[in-house]
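Novice: Below are the chains, spelled out letter by letter.
2 protein chains.
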Amino acid sequence: MDENIIGLIAGGLTSIAMMPQLIKVIKEKNAEDISVIMLLILISGLSLWVCYGFLKDELPIILSNGFSVLVNLTLLICCFIFKKKC
Amino acid sequence: MDENIIGLIAGGLTSIAMMPQLIKVIKEKNAEDISVIMLLILISGLSLWVCYGFLKDELPIILSNGFSVLVNLTLLICCFIFKKKC
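Residue numbers (the numbering used here), protein chains in the order written: chain A, 1 to 86; chain B, 1 to 86.
Treat the hints as calculated values from the structure; they're not laboratory data.
List of simulated lysine-lysine pairs, DSSO-like, C-alpha gap at most 27 Å: (1) A:Lys29 with B:Lys24; (2) A:Lys24 with B:Lys24; (3) A:Lys56 with B:Lys56; (4) B:Lys24 with A:Lys27; (5) A:Lys24 with B:Lys27; (6) B:Lys29 with A:Lys24.
Modelling step: build the complete structure from the supplied sequences, incorporating the hints.
Specialist: This is the structure we're talking about:
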């Protein structure tokens with residue numbers, strides 16, 4: 001099988017797995033269980049993965065980590081909007 | 001900078017970011033907030049990333065996703081040990 005297809009399926013699965021947390025936070029308007037520091041570390045790591053993907057010219061890495069950056073940035077924004085201690 | 005170093009830093013950061021959840025679950029002996037289905041989807045995705053890393057012969061991808069597989073397998077085992085509905 002083409003390596004890129006494996007990468008795209010892998011990226012799809014890991015992306016799906018992080019959606020419930022985002023949906024829960026938006027639905028309950030509560031981000032109390034989310035740690036801002038951990039989110040910042042995660043977003044930094046994911047952004048570096050996107051750089052790595054561009055340097056290696058690998059679409060699956062760029063797409064899946066780019067999507068993860070978006071999801072976690074949204075979580076970060078939720079943290080500030082809902083203004084709970086997080 | 002060497003691409004592999006960027007990849008290793010990226011992998012280190014995303015690995016650090018997932019540790020607090022594991023520590024919390026083990027410390028509180030409570031995995032109630034963890035979804036087994038999502039864990040299974042995540043572990044499948046991460047395992048495919050490890051395959052992708054081997055196919056492309058990229059150490060940062062193999063190491064960081066391999067570590068993530070271990071962390072999430074431990075979370076899965078915690079779910080069954082603590083026997084809370086999760």
